[in-house]
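The residues making up each chain are set out below.
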Amino acid sequence: MDATRSITVTVNDTRYERTVSVRTSLADFLRHDIGLTGTHVGCEHGVCGACTLLLDGEPVRSCLMLAVQADGHELTTVEGLAGSQDELHPIQQAFWENHGLQCGFCTPGILMTTYDFLRREHAPTACAIREALAGNICRCTGYENIVRAVQAADQGWER
Amino acid sequence: MKPAPFDYFDPTTVEETLGLLGEFGDEAKLLAGGQSLLPMLNLRLARPSKLVDINGVTALAHLGTDGDDLLIGALTRQRTLEDADLPDGAWSVLPRALHHVGHVHIRNRGTVGGSIAHADPAAELPAASCALGARMVIRGPSGEREVPAEAFFRGYFTTAVGPDELLTAIRVPPWPTRSGAAFVEVARRHGDFAQVGVAAAVAIGDEGEVRRAGIAVAGVATEPVIAVAVVDGLVGQQPAAALVEQLAAEFAAGLTPPADLHGTAEYRRQLVRHLLPRAVDQSVRAALT
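So the protein sequences, as listed, match chains Y and P. Each step along the first sequence adds one to the number in our numbering, with nothing skipped, and position 156 is 156. Each step along the second sequence adds one to the number in our numbering, with nothing skipped, and position 255 is 255.
The reader is advised that the hints may include incorrect statements.
[Claimed, not checked] Which residues of chain P face chain Y? A partial, calculated answer using Cβ under 8 Å: (1) PRO5; (2) TYR8; (3) PRO39; (4) ARG109; (5) HIS190.
[What the hints assert, rightly or not] Pairwise CB distance ranges (calculated): (6) P:ASP26 with Y:ARG120: 36 to 44 Å; (7) P:GLU27 with Y:ARG15: 30 to 38 Å; (8) Y:ALA128 with P:ASP26: 40 to 48 Å; (9) Y:ASP56 with P:GLY236: 47 to 55 Å; (10) P:ARG285 with Y:THR19: 52 to 60 Å; (11) Y:ALA128 with P:LEU255: 31 to 39 Å.
[Stated by the list, open to error] Not everything, but these chain Y residues come out facing chain P in the computed CB check (under 10 Å): (12) HIS45; (13) LEU64; (14) ASP71; (15) LEU133; (16) ALA134.
Calculated directly from the structure, the hints in this document are not laboratory data. Think of the CB as a built atom: it goes at the ideal place given N, C-alpha and C, for glycine as much as any other residue.
Just need the whole structure built from these sequences, with the hints factored in.
As structure tokens, then:
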């Protein structure tokens with residue numbers, strides 16, 4: 001029988017109280033316990049970046065945290081980017097318009113990394129965008145349209 | 001659910017942590033930033049039966065000067081040190097090295113002490129701490145001791161920290177004002193482990209000569225290698241390119257780096273021959289500006 005803990009986390013401004021196994025990753029907790037499946041689980045050892053979310057406002061790998069470690073913290077996942085389910089965040093809009101995704105598996109992580117990057121940077125060079133996204137692997141696009149999408153998002157997102 | 005089962009402890013003080021380590025010994029594994037340990041747990045390369053999460057030991061998350069030293073608490077996040085307002089001199093090898101450590105997501109969680117205690121032979125912070133002549137502050141049941149960086153790293157993932165001990169801080173000595181630093185590396189992709197990384201700090205004297213130097217190389221042995229002969233050959237001399245290149249070539253010839261699918265031993269020696277002079281040159285330029 002696994003050891004468990006009761007935790008309270010705030011995800012996209014909603015508080016959740018759950019009892020979790022101490023060895024559940026934060027990514028699995030979000031997907032299985034809370035039902036927020038926008039955070040994708042790829043490599044599960046911190047290489048692919050698909051599970052990127054914001055922990056207290058800073059991007060982290062949710063596969064490299066235990067759910068118990070998020071107790072008392074605030075998370076923002078890809079579901080929290082847009083204002084409502086019926087609209088897209090300007091970054092999502094830019095990815096849509098510039099074909100910045102194909103299969104879409106890596107996209108949640110790339111959106112969260114881009115969100116953090118563009119919050120800090122204005123008018124970044126293509127080189128800076130590529131470096132910022134170096135921790136997010138996409139196997140479909142070849143990255144060209146992702147870089148274009150980030151450049152468009154930089155123009156389109158008033159921040 | 002990826003890791004094998006473990007009992008989870010989250011102490012909030014150093015004393016409590018040492019108590020748990022004393023009780024469980026080798027069965028326990030310390031969890032700091034988790035950017036190396038959690039992959040190992042997820043892949044079940046490590047299966048500790050007790051996990052001691054020290055993220056709540058907030059007394060270890062400090063960064064500041066202690067007298068003339070820079071004192072970095074072991075739980076300081078790598079991103080915090082990277083963004084810290086350090087002077088441009090020798091100490092800047094730390095943020096320069098951190099730029100190569102994983103990605104921003106990794107550095108947001110990864111800790112300075114975690115990387116040093118993990119002692120991956122290709123890691124940047126161990127090499128940078130060796131270049132600076134840092135001292136590792138270790139707490140154990142019998143009190144506190146300090147171990148110089150050159151005696152701290154003892155082979156693959158092995159350090160001077162005992163099973164009942166805890167690395168609590170990294171103490172970096174002062175360097176002369178007119179000093180500079182560089183960290184250069186070659187990796188397959190930005191943020192990957194270094195094939196070879198070179199940390200350098202150089203202080204320049206009134207005549208333009210090398211007054212003091214520290215150079216350490218990651219990725220070429222089971223632990224960071226301090227380039228003692230290069231440093232000895234440079235101190236007191238003008239840092240002319242020909243001299244540095246000759247010293248680097250002699251130093252590289254004596255290395256027996258690992259060979260893997262990313263590169264042969266000779267390729268890594270070749271990288272040392274190129275990267276070490278570049279690191280010294282950048283450090284000297286930084287010292288002079």
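Outcome of the hint check:
1. PRO5: 6 Å, holds
2. TYR8: The hint holds - TYR8 of chain P has a Cβ within 8 Å of chain Y, the shortest such distance being about 4 Å.
3. PRO39: Nearest chain Y Cβ about 4 Å off; hint holds.
4. ARG109: 5 Å, holds
5. HIS190: 4 Å, holds
6. P:ASP26 with Y:ARG120: 36 to 44 Å: 43 Å, holds
7. P:GLU27 with Y:ARG15: 30 to 38 Å: 36 Å, holds
8. Y:ALA128 with P:ASP26: 40 to 48 Å: Given about 45 Å between the Cβ atoms, the range holds.
9. Y:ASP56 with P:GLY236: 47 to 55 Å: 50 Å, holds
10. P:ARG285 with Y:THR19: 52 to 60 Å: 57 Å, holds
11. Y:ALA128 with P:LEU255: 31 to 39 Å: 35 Å, holds
12. HIS45: This interface hint holds because 4 Å falls under the 10 Å limit.
13. LEU64: Nearest chain P Cβ about 4 Å off; hint holds.
14. ASP71: Constraint on ASP71 of chain Y satisfied, holds at 9 Å.
15. LEU133: Since chain P brings a Cβ to about 9 Å from LEU133 of chain Y, closer than 10 Å, the hint holds.
16. ALA134: 4 Å, holds
In summary, this structure violates none of the numbered hints.
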